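Engineer: Given the coordinates of chain A, work out where chains B and C should sit on it, guided by the hints.
What follows is the residue order along each chain.
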Amino acid sequence: MSTRRSALLWATSIAVYAFLYIPLAVVVLYSFNDSRLNAEWVGFTLDWYRTLFHDEEMLQAGANSLMIAFVASAVSTLLGTMAGIAMHRFKLRVLPVLVVTPVAMPEILLGVSLLIFFVQVLNLTLGLFSVLIAHITFCVGFVAIVVRARLAGMDESIFEAARDLGATPWQTFRLVTFPLILPGVIAGALMAFTLSIDDFVITFFTAGVGVHTLPLQIYSMIKIAVTPEVNAVSTLLMTLTLGLIILASRLAPDALRSES
Amino acid sequence: MALLEIRNVVRRFGDFTAVDGVSLEVASGEFFTLLGPSGCGKTTLLRMIAGFDDPDQGDLLLDGKSLRDIPPEQRPIHTVFQSYALFPHLSVVENVAFPLRMAKVAPAEIQRRVQEALASVHLSEKQRHLPHELSGGQKQRVALARGLVNRPRLLLLDEPLGALDAKLREEMQVELINLQKNVGITFVFVTHSQAEALALSHRIAVMNQGKVEQLDEPSRLYGFPRNRFVADFIGKINMLAATVVASGSDHLELDVAGVGRVLGPPQPAMPVGTRGQFAVRPEQVRIGAGSVDSAGPLSNRVKGRILDFLYVGDVTTYLVELENGTRLEALLPNSAPGRAKFFETGDPVELAWSAEVGVFLDA
Amino acid sequence: MPKRSAERTTRWLVSGPPTLFMLLFFLAPSLIMVLASFRYPGTFGGLAPMFGAGRPGEDTGLTLENYRFFLSDFIYVEIFIKSFAVALLSTLICLLMAYPLALLIARSPKGRRDLMVLLVILPFASNFLIRVYALMILLGPQQALATSLNGALALFGLGRVNLLFSSFAVVVGMVYVHLPFMVLPLYTNLEKHDPALLDAAQDLGANGWQRFWRVTFPLSLPGIFSGSALVFIPVLGMFAIPDLLGGTRDILIGNLIKDQFLGTRDWPFGSMLSIMLTVVVLGFAAIAARLSRRDGAREEA
Numbered sequence: 001m002s003t004r005r006s007a008l009l010w011a012t013s014i015a016v017y018a019f020l021y022i023p024l025a026v027v028v029l030y031s032f033n034d035s036r037l038n039a040e041w042v043g044f045t046l047d048w049y050r051t052l053f054h055d056e057e058m059l060q061a062g063a064n065s066l067m068i069a070f071v072a073s074a075v076s077t078l079l080g081t082m083a084g085i086a087m088h089r090f091k092l093r094v095l096p097v098l099v100v101t102p103v104a105m106p107e108i109l110l111g112v113s114l115l116i117f118f119v120q121v122l123n124l125t126l127g128l129f130s131v132l133i134a135h136i137t138f139c140v141g142f143v144a145i146v147v148r149a150r151l152a153g154m155d156e157s158i159f160e161a162a163r164d165l166g167a168t169p170w171q172t173f174r175l176v177t178f179p180l181i182l183p184g185v186i187a188g189a190l191m192a193f194t195l196s197i198d199d200f201v202i203t204f205f206t207a208g209v210g211v212h213t214l215p216l217q218i219y220s221m222i223k224i225a226v227t228p229e230v231n232a233v234s235t236l237l238m239t240l241t242l243g244l245i246i247l248a249s250r251l252a253p254d255a256l257r258s259e260s
Numbered sequence: 001m002a003l004l005e006i007r008n009v010v011r012r013f014g015d016f017t018a019v020d021g022v023s024l025e026v027a028s029g030e031f032f033t034l035l036g037p038s039g040c041g042k043t044t045l046l047r048m049i050a051g052f053d054d055p056d057q058g059d060l061l062l063d064g065k066s067l068r069d070i071p072p073e074q075r076p077i078h079t080v081f082q083s084y085a086l087f088p089h090l091s092v093v094e095n096v097a098f099p100l101r102m103a104k105v106a107p108a109e110i111q112r113r114v115q116e117a118l119a120s121v122h123l124s125e126k127q128r129h130l131p132h133e134l135s136g137g138q139k140q141r142v143a144l145a146r147g148l149v150n151r152p153r154l155l156l157l158d159e160p161l162g163a164l165d166a167k168l169r170e171e172m173q174v175e176l177i178n179l180q181k182n183v184g185i186t187f188v189f190v191t192h193s194q195a196e197a198l199a200l201s202h203r204i205a206v207m208n209q210g211k212v213e214q215l216d217e218p219s220r221l222y223g224f225p226r227n228r229f230v231a232d233f234i235g236k237i238n239m240l241a242a243t244v245v246a247s248g249s250d251h252l253e254l255d256v257a258g259v260g261r262v263l264g265p266p267q268p269a270m271p272v273g274t275r276g277q278f279a280v281r282p283e284q285v286r287i288g289a290g291s292v293d294s295a296g297p298l299s300n301r302v303k304g305r306i307l308d309f310l311y312v313g314d315v316t317t318y319l320v321e322l323e324n325g326t327r328l329e330a331l332l333p334n335s336a337p338g339r340a341k342f343f344e345t346g347d348p349v350e351l352a353w354s355a356e357v358g359v360f361l362d363a
Numbered sequence: 001m002p003k004r005s006a007e008r009t010t011r012w013l014v015s016g017p018p019t020l021f022m023l024l025f026f027l028a029p030s031l032i033m034v035l036a037s038f039r040y041p042g043t044f045g046g047l048a049p050m051f052g053a054g055r056p057g058e059d060t061g062l063t064l065e066n067y068r069f070f071l072s073d074f075i076y077v078e079i080f081i082k083s084f085a086v087a088l089l090s091t092l093i094c095l096l097m098a099y100p101l102a103l104l105i106a107r108s109p110k111g112r113r114d115l116m117v118l119l120v121i122l123p124f125a126s127n128f129l130i131r132v133y134a135l136m137i138l139l140g141p142q143q144a145l146a147t148s149l150n151g152a153l154a155l156f157g158l159g160r161v162n163l164l165f166s167s168f169a170v171v172v173g174m175v176y177v178h179l180p181f182m183v184l185p186l187y188t189n190l191e192k193h194d195p196a197l198l199d200a201a202q203d204l205g206a207n208g209w210q211r212f213w214r215v216t217f218p219l220s221l222p223g224i225f226s227g228s229a230l231v232f233i234p235v236l237g238m239f240a241i242p243d244l245l246g247g248t249r250d251i252l253i254g255n256l257i258k259d260q261f262l263g264t265r266d267w268p269f270g271s272m273l274s275i276m277l278t279v280v281v282l283g284f285a286a287i288a289a290r291l292s293r294r295d296g297a298r299e300e301a
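Protein chains in written order, with our numbering: chain A, 1 to 260; chain B, 1 to 363; chain C, 1 to 301.
Isolated chain A (complex conformation) (with noise of 0.2 Å):
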């Protein structure tokens, strides 16, 4: 590559970079300026944390947020572990439709098919548990497509030869299969719990008056105005986030490459 050309690509290439992350500085800078307005710089302060610390409906949709993310992730890792082995293991047709397709269509298409089955079909009053049901409807996928993709990237000879060594299914299971996808499984555990606390579409539809999450609440605040405590809020989501990223490069770096 001639150097010209390739001066051409580190410059535009920065200046992709510098269109992801530019915005989002402003959003962390903004939450330490002393200001109402997201306008221009006045002086450093905690006071926006201070507020978003005394926001009672914030605390409350965080916690709710932290609950159902818990809970989701713990039901659909559960369900899309046994679902990726399924597809792995067994010719299925039906299953794997079943299981990628809600992660393949545009979120708003699961959100509204579930509002009209819980209100018309069973009658349900919206609240946590329709929440819940939905977030682990298309979280299931996710950990599904992890999961088959750390077994298709196994010699398959490895589970035979534990059953040739004189292992019954369930120890094969036990000793070889279970701790070779445990990366894969903790993977999606965790992009599970990343995709719940931060699912807004899906949950706008299926929450009703019942339940507030975080990120309605942050919708419902930037839908009026624009104010620090948001950014305060963002800045406390992205650190989070930005952990529980380094957490799982940690447990399981092969894991992340594969997903994308």
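No lab work stands behind these hints, which were simulated from the structure alone. The structure displayed is predicted, hence computed values, not measured ones. It is possible that part of the hints are untrue.
What the hints assert, rightly or not - Using 25 Å as the maximum straight-line C-alpha spacing, the simulated SDA-like pairs for lysine to any residue come out as follows:
| # | chain 1 | residue 1 | chain 2 | residue 2 |
| --- | --- | --- | --- | --- |
| 1 | B | K65 | A | P169 |
| 2 | A | K91 | B | L46 |
| 3 | B | K104 | A | S6 |
| 4 | A | K91 | C | R293 |
| 5 | A | K91 | B | V10 |
| 6 | C | K192 | A | E160 |
| 7 | A | K91 | B | K104 |
| 8 | B | K303 | B | S249 |
| 9 | B | K65 | B | E25 |
| 10 | C | K192 | A | A152 |
| 11 | A | K223 | C | L262 |
| 12 | B | K236 | B | E344 |
| 13 | C | K110 | A | S6 |
| 14 | C | K110 | A | W10 |
| 15 | A | K223 | C | L163 |
| 16 | B | K104 | A | S13 |
| 17 | C | K192 | A | G153 |
| 18 | A | K91 | B | F16 |
| 19 | C | K110 | A | E160 |
| 20 | A | K223 | C | R249 |
| 21 | A | K223 | C | R265 |
Structural biologist: Then chains B and C, alone, in the frame of chain A:
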């Protein structure tokens, strides 16, 4: 009684018949080889012996008892996989200990037998290493130790040397022979390499399109192939169209195209008038300038011209064209250093072979 | 045979629970939505009751009315077309921005690649509302971007423009939120190219541009197709970005659907719109899958 008996086993995958009515017996202590080109059904047969697949028809018996319905983990049969299939998350020691753990052997005993098994494959170092830290040859040894440690009745080896480079492969062949002799476990070996099969086995079953073409000792397989497939698959051989002229108890007399009358070893069952191929190995054909002189009587002689030659170091193969255009190969050891060939292209030569060599094939 | 029946039991135990769950909470709701698109709205919003008798005056039968209504008013078709245009434009911009970056990462030393990829994923991990919010700040009327642009426009005697609450902001938002979806598949594809191919092309007399257009670019088509699908499809259904960054006229399919369910509460019409969106998305996904498979096969041959 045979250790393993395979009775008329058939296995189909859709329209494709992978194993088509195979029957054979493997004796205790034997080094038995299934040899054939890829897709001949040898691996399918091996998987059925291991228990990963079931025959559609027929039966497999171990010590006279049917293996039907016995899952792989309950068969006293272990496999060395082509890819070795070492557990990537377990160390060398843990891999070798795996079958003993499954059999609930006492920990102290496990420790002792793992060391013994590793010593038998000359791999006492690197015990705590994970499989990905080992070389191909070392992985191979771990797989062998793991397969042997619990002393199975039968050890199946699925092309275990395929992934090794040529030099290492030869070393491992010698080791495999010695190992089998020392542990006294019956080996069933699967390979597509005729050289490997000839070097290692007590007996070889040559398979083609799901059927056993011939089952014999290596030297008989090489010396007396039963049909064209076997003759062609094992070693190099000259094939000439021929007709049986006379069939006696001491000789078989043939009319060979381009050569004329040829005497061969007796094949009393072959009726006069049968058409087929006369097959003779290049190293059994003597070659000389003008005429071949020899101590013994060489009953079969024919004139020709050198067409081409191939120098491979220890020997040179000469391609000779007979007067009617038929081509024959003859092989000469290179006894004189620094000389690639004894003849030039176009040289008139004589080819000769004794009445004790060659075989007439009617199939 | 007991061996095979044990196998079957395991199979049901492992695949049963996820299959049942997805049948109940994914397939059933989808089918209900199809059914709903052929029905009348209820008196108090939502649907007329699915089972049992409705209130007096409510029509509980099936109808094609929703579909007829959609086609009768050009405004709905226009919104679909506009959504397409936005999705197409966003995909194209994403491609133009992502390609050089993906190429640079793929040609960087191995040790540096993971970090460069992580830097692309990182912003993508923060909530997308936060990213949209970040743009709301940046494009805001008092920010440097807007003031300097309007200053420049004033020099030429042109009127002020609003960056925020415009179609421009919507497209910027779509690109900003979906850019990593384009970079990652492109990088995965480009990284697999054998560098010897470029050496061979150069050896055979191809200059830099020729090497790119004749070797790198055609080989990267599968990556382009899958990346485009990953951007195009979610953009098509997006409602939050037009909601937050767009003006009152920047309505896309997603907003239309959202309004039917949470605004005017005409669920049958909303269902019909969702079905239309599904059909369109499935069509595009099928095309992308076919294109990338065909080129993938060529790449392997």
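Engineer: What hint numbers does the structure not satisfy?
Structural biologist: 3, 6, 7, 8, 16, 19
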